[in-house]
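Q: Spelled out from the first residue to the last, the chains are:
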Amino acid sequence: MTIVESNLNPQHASYDCVLPAGESWLHEVKCGQVFRILDLEGNQAVDTLFYNARDPEERYSAVDTIREQGNLYLTAGTKLLSSEGNVLMTIVADTCGRHDTLGGACAAESNSVRYAIDKKYMHSCRDSFLHALGHCDCGMDKRDLTANVNFFMNVPVTPQGELTFADGISAPGKYVEMRAEMDVFVLISNCPQLNNPCNAYNPTPVQLLIWDAVAQ
Amino acid sequence: MTEPLSPTNLLWEETLPGGAHWSFVMKRGTALRLTDVEGGANLSSLFYYQEEKLERYNMPDTLKAQHTAHLTTGFVLYSDMGRVLASVIGDSVGWHDTISGMSNAALVEKKYGKADYQQARNAMHRNARDSMLIELGKWGLGKRDIVPNVNLFSKVSADETGALHYAAQHSKAGDYVELRFEMNVLVVLSATQHPLDPNLEYVPKPLLLQAWRCGTPDEQDLCRNFRPENVRGFYNTELLFR
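In order, the protein sequence lines correspond to chains A and B.
If you read the first sequence in this note's numbering, its first letter stands for residue 799, the second for the next number, and so on.
If you read the second sequence in this note's numbering, its first letter stands for residue 122, the second for the next number, and so on.
Just so you know, these hints were derived from the structure itself, not from any lab.
Wrong hints could be hidden among the right ones.
Restricting the straight-line Cα-Cα distance to at most 25 Å, the calculated cross-link-like pairs of lysine to any residue (SDA-like) are [as the list claims (entries may be wrong)]:
no.: 1; chain 1: B; residue 1: 232; chain 2: A; residue 2: 882
no.: 2; chain 1: A; residue 1: 940; chain 2: B; residue 2: 361
no.: 3; chain 1: B; residue 1: 148; chain 2: B; residue 2: 357
no.: 4; chain 1: A; residue 1: 918; chain 2: B; residue 2: 347
no.: 5; chain 1: B; residue 1: 174; chain 2: A; residue 2: 929
no.: 6; chain 1: B; residue 1: 174; chain 2: A; residue 2: 867
no.: 7; chain 1: A; residue 1: 940; chain 2: B; residue 2: 353
no.: 8; chain 1: B; residue 1: 174; chain 2: A; residue 2: 855
no.: 9; chain 1: A; residue 1: 877; chain 2: B; residue 2: 318
no.: 10; chain 1: B; residue 1: 174; chain 2: A; residue 2: 935
no.: 11; chain 1: A; residue 1: 877; chain 2: B; residue 2: 226
no.: 12; chain 1: A; residue 1: 877; chain 2: B; residue 2: 287
no.: 13; chain 1: A; residue 1: 917; chain 2: B; residue 2: 347
no.: 14; chain 1: B; residue 1: 264; chain 2: A; residue 2: 885
no.: 15; chain 1: A; residue 1: 877; chain 2: B; residue 2: 282
no.: 16; chain 1: A; residue 1: 877; chain 2: B; residue 2: 360
no.: 17; chain 1: B; residue 1: 174; chain 2: A; residue 2: 925
no.: 18; chain 1: B; residue 1: 264; chain 2: A; residue 2: 824
no.: 19; chain 1: A; residue 1: 917; chain 2: B; residue 2: 362
no.: 20; chain 1: A; residue 1: 940; chain 2: B; residue 2: 360
no.: 21; chain 1: B; residue 1: 293; chain 2: A; residue 2: 960
no.: 22; chain 1: B; residue 1: 235; chain 2: A; residue 2: 885
no.: 23; chain 1: B; residue 1: 174; chain 2: A; residue 2: 934
no.: 24; chain 1: A; residue 1: 917; chain 2: A; residue 2: 906
no.: 25; chain 1: B; residue 1: 259; chain 2: A; residue 2: 853
no.: 26; chain 1: A; residue 1: 940; chain 2: B; residue 2: 145
no.: 27; chain 1: A; residue 1: 940; chain 2: B; residue 2: 171
no.: 28; chain 1: B; residue 1: 264; chain 2: A; residue 2: 934
no.: 29; chain 1: B; residue 1: 264; chain 2: A; residue 2: 942
no.: 30; chain 1: B; residue 1: 148; chain 2: A; residue 2: 941
no.: 31; chain 1: A; residue 1: 917; chain 2: B; residue 2: 340
no.: 32; chain 1: A; residue 1: 877; chain 2: B; residue 2: 283
no.: 33; chain 1: B; residue 1: 174; chain 2: A; residue 2: 937
no.: 34; chain 1: B; residue 1: 231; chain 2: A; residue 2: 929
no.: 35; chain 1: B; residue 1: 235; chain 2: A; residue 2: 883
no.: 36; chain 1: B; residue 1: 174; chain 2: A; residue 2: 942
no.: 37; chain 1: A; residue 1: 940; chain 2: B; residue 2: 174
In isolation and in its complexed conformation, chain B is listed as follows (with noise of 0.2 Å):
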């Protein structure tokens, strides 16, 4: 039974700054609440199992097995082992890209103009591959472990002609999404904007980082149940933990 999360369950919080970019572990059986605590916030972000960092969030994998292009509750994220390293347990945002990548420098300085540190010290302008680079270089990874993203709180559709639409203003002012873990997972985040936010004005936004031990999901679990696809892979997933 997953618990959800409570004043006396929660493990701890902290705030990640518009612009700022991190990476932790957490451990199978543990949640964590993500909130757009003002609004328009995106949040690139990158898993990979903690024992083997060779495993990873793999993107092709997590939309064939769900036939899905985009994530929200009930959805999960597949590693290339066929395995699942998070859950998607709540959301009240609806729609979470996959599809369309993170900034980079070259981006973020044609869009938002140059603002490193010398100009602007910790106000400069950060991009979410560099932000990638320095998390993954502290766990002894680098740019061939920067594969596909999620940008949480991000839509980015697709019409029938394949042609991208980038949804602005999507994620609301205390808007969540809440992630249950699996595996133990190395989470590496950059909370920088969207590569496709037509914004010209440089402006991340914070979010709210809550963690608590929310416990393993029961066979009744909804993310497992949420497809055939998915029944097999906890159970891919939970050979390891026998």
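Chain A with its partners taken away, still in its complex shape (with noise of 0.2 Å):
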């Protein structure tokens, strides 16, 4: 796993917000801004959707993303692809080593068929991004859900294909940074997912920070 620090300063961002656990978020980065995800306590997982902020039919394809950079995982240098084959964002700076594109969002359904018939009732990321496009006035709804990334989350993949659910190896103070190719939308849903280690049990807040493309 490749570790790569960023130069840039926190107190020089434009944009600079905390967000708690089971909250979710969507904001425009510009194109050439550099947008940073904090792990403030370590372990959390960030699901993380990306759109063309001026199509956003064209939107992140995991799936792309995985063929075309001949891997599973996310890291620093890594292209985010979008379905029409552009980058949306470049990962430039990654203090965790590895992101996971393969695992999805929770739901209240898929919990139901994970754990119990009963924990559907509980908060999940896909409520949460449903509870953002909601409320955004931009024309996107459950048919713009699909297959995101899961920041400092680690779902490793075994030679035999096998999918398996590992403790996070993120830590407090570990962050991905990355810079927008193009206009985009994010869409974050900060993981309140209770039932497997992917944030250790313990849904934690993280923070946001954006910086001005000249500000670098």
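Dock chain one against chain two, each of which comes alone in its own frame, and use the hints as you go.
A: Right, dumping it as structure tokens:
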């Protein structure tokens, strides 16, 4: 795993907010801006989707990203590809080393399958995504939800084709940073999952920072 | 009890030519055997609940619920609503790819060169994404409905570092996979080469499709009992049909 640190100063960021666990966030990151997600307390999973802000029908494609880079995991150097084969974001710094894009977002319905029928009443990422889209007045809805990135999440696949959920490899203060290659809507659910080790059974807040292109 | 395919319960059969695309509705209680006629086939596939097409095959939910990154006998295809769209009830191939997506126009032209209708008539080079868009358009669906797909008959594994490995000549002539449909499912297919197939010759392979009325699974069903998650997935599904 390659660790690449950033030399950007948080004091120079043009946007800075703390997103509590269980909350959603929808924000535009302009072409050339740099966006950082900081894992404040460690082991948090940050479920994230990306859209072309001018045409949200063009959106992040997990399988195209995996195939074109020839690797399952995301890290510094990864180009996050759109459904049209364009680059939405390039990961430019990463102190965690590896991020998942196969595990998707927890949902009431999938929780009922994975854990127990009555777990469907627990708060889930897909409910957070739908909450954000329901309020955004941007014309997006459930149809726009597809396989997302899980920043800081560790979902190893074995050579035999088994998929496992492992304890996180993140820690307090680790971050991932990406440069927008077009104007991009970023949709985040800061995961509320309490049933598996993806966020150590204790969902925690993350910090979101944006630097303007000129400030770099 | 699920009935195996036999001459008496065959509903229809059809050959899907290499390069072709097709969509159709498979009813709950029917099954489809897909056979690789010549060997080396790939079939990019998408699945939607016919009554509510916003409910569709969900790759992450399918993988997570069954702790797998590939499909073979016993595994089921989950929708995003915690229900089972289809079950893999038979498979001589052993591994079907779920993680590497489908070919698109740029990829096909780069790999195989340009061969449009003006040059090649119906032997033109088709790609899976455009094929899917054509078929989806027939049902009022479009780009927003294209999600990570299943590549039947293809194997892509990953090593410990996550690097992908495409298995060449994975499917042999006569190899088959059988899907039993647990809901009324819109099936969308593109018989085009896998996007990681290193063969630089455009030679998409034909598939034989055979449908039969198999009935619905009983309590002892292999796919239902394959994992405890699937017991709950079938429960969620069967609530729709009580």
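Q: It remains to establish, for every hint, whether it holds in the given structure.
A: How the hints compare with the structure:
At roughly 17 Å between alpha-carbon atoms, residue 232/B and residue 882/A fall within 25 Å of each other, so this suggested pair holds. Using a Cα cut-off of 25 Å, the hinted pair residue 940/A and residue 361/B holds, with the two alpha carbons roughly 21 Å apart. Annotation: proposed proximity of residue 148/B to residue 357/B holds, straight-line Cα distance about 18 Å (limit 25 Å). Taken as a hint, the residue 918/A and residue 347/B pair is honoured in the structure, with Cα atoms around 22 Å apart against an allowance of 25 Å.
Among the hinted pairs, residue 174/B with residue 929/A is consistent with the structure: their alpha-carbon atoms are about 21 Å apart, no more than 25 Å. Simply put, residue 174/B and residue 867/A have alpha-carbon atoms about 31 Å apart, too far for the 25 Å limit, and the pair is violated. About 23 Å separates the Cα atoms of residue 940/A and residue 353/B, which keeps this hinted pair within 25 Å; it holds. For the given pair, residue 174/B sits about 17 Å from residue 855/A by alpha-carbon distance, which is consistent with the 25 Å threshold.
Distance check on the hinted pair: residue 877/A and residue 318/B sit about 22 Å apart at the alpha-carbon level, within 25 Å; holds. A C-alpha spacing of about 23 Å is found between residue 174/B and residue 935/A, which places the hinted pair at or below 25 Å, so the restraint holds. Taking the CA atoms of residue 877/A and residue 226/B, the gap is about 20 Å. The hint holds against a cut of 25 Å. About 21 Å separates the Cα atoms of residue 877/A and residue 287/B, which keeps this hinted pair within 25 Å; it holds.
Between residue 917/A and residue 347/B, the direct Cα distance comes to roughly 21 Å. Compliance with the 25 Å bound is thereby established for this hinted pair. In summary, the hint linking residue 264/B to residue 885/A is supported, as the alpha carbons are separated by about 17 Å, within the 25 Å threshold. About 18 Å separates the Cα atoms of residue 877/A and residue 282/B, which keeps this hinted pair within 25 Å; it holds. The straight-line distance between the Cα atoms of residue 877/A and residue 360/B is roughly 42 Å, outside the 25 Å bound, and the hint therefore fails.
Pair hint residue 174/B plus residue 925/A holds up; C-alpha atoms about 19 Å apart against a cutoff of 25 Å. Annotation: proposed proximity of residue 264/B to residue 824/A holds, straight-line Cα distance about 21 Å (limit 25 Å). Under the criterion of a C-alpha separation no larger than 25 Å, the hint pairing residue 917/A with residue 362/B is consistent with the structure, at around 22 Å. Distance check on the hinted pair: residue 940/A and residue 360/B sit about 22 Å apart at the alpha-carbon level, within 25 Å; holds.
Pair hint residue 293/B plus residue 960/A holds up; C-alpha atoms about 24 Å apart against a cutoff of 25 Å. Between residue 235/B and residue 885/A the alpha-carbon distance is near 24 Å, which keeps this suggested pair within the 25 Å criterion. Of the pairs offered as hints, the one joining residue 174/B and residue 934/A holds, with about 23 Å between alpha carbons and a cut-off of 25 Å not exceeded. Under the criterion of a C-alpha separation no larger than 25 Å, the hint pairing residue 917/A with residue 906/A is consistent with the structure, at around 7 Å.
For the hint linking residue 259/B to residue 853/A, the alpha-carbon distance of about 23 Å falls within 25 Å, and the restraint holds. Simply put, residue 940/A and residue 145/B have alpha-carbon atoms about 24 Å apart, close enough for the 25 Å limit, and the pair holds. Between residue 940/A and residue 171/B the CA atoms are separated by roughly 17 Å; this keeps the pair inside 25 Å, and the hint holds. Only pairs whose Cα atoms come within 25 Å are accepted, and residue 264/B paired with residue 934/A is accepted, the gap being roughly 21 Å.
Only pairs whose Cα atoms come within 25 Å are accepted, and residue 264/B paired with residue 942/A is accepted, the gap being roughly 10 Å. The suggested pairing of residue 148/B with residue 941/A holds, with an alpha-carbon distance near 23 Å, which does not exceed 25 Å. Restraint check for residue 917/A and residue 340/B: satisfied, since their Cα atoms lie roughly 23 Å apart, inside the 25 Å limit. With a CA separation close to 16 Å, the supplied pair residue 877/A and residue 283/B stays within the 25 Å bound.
Restraint check for residue 174/B and residue 937/A: satisfied, since their Cα atoms lie roughly 18 Å apart, inside the 25 Å limit. Only pairs whose Cα atoms come within 25 Å are accepted, and residue 231/B paired with residue 929/A is rejected, the gap being roughly 41 Å. Our distance criterion of 25 Å between C-alpha atoms is met by residue 235/B and residue 883/A, whose separation comes to about 18 Å. The straight-line distance between the Cα atoms of residue 174/B and residue 942/A is roughly 13 Å, inside the 25 Å bound, and the hint therefore holds.
For the hint linking residue 940/A to residue 174/B, the alpha-carbon distance of about 11 Å falls within 25 Å, and the restraint holds.
In summary, the numbered hints that this structure violates are 6, 16, 34.
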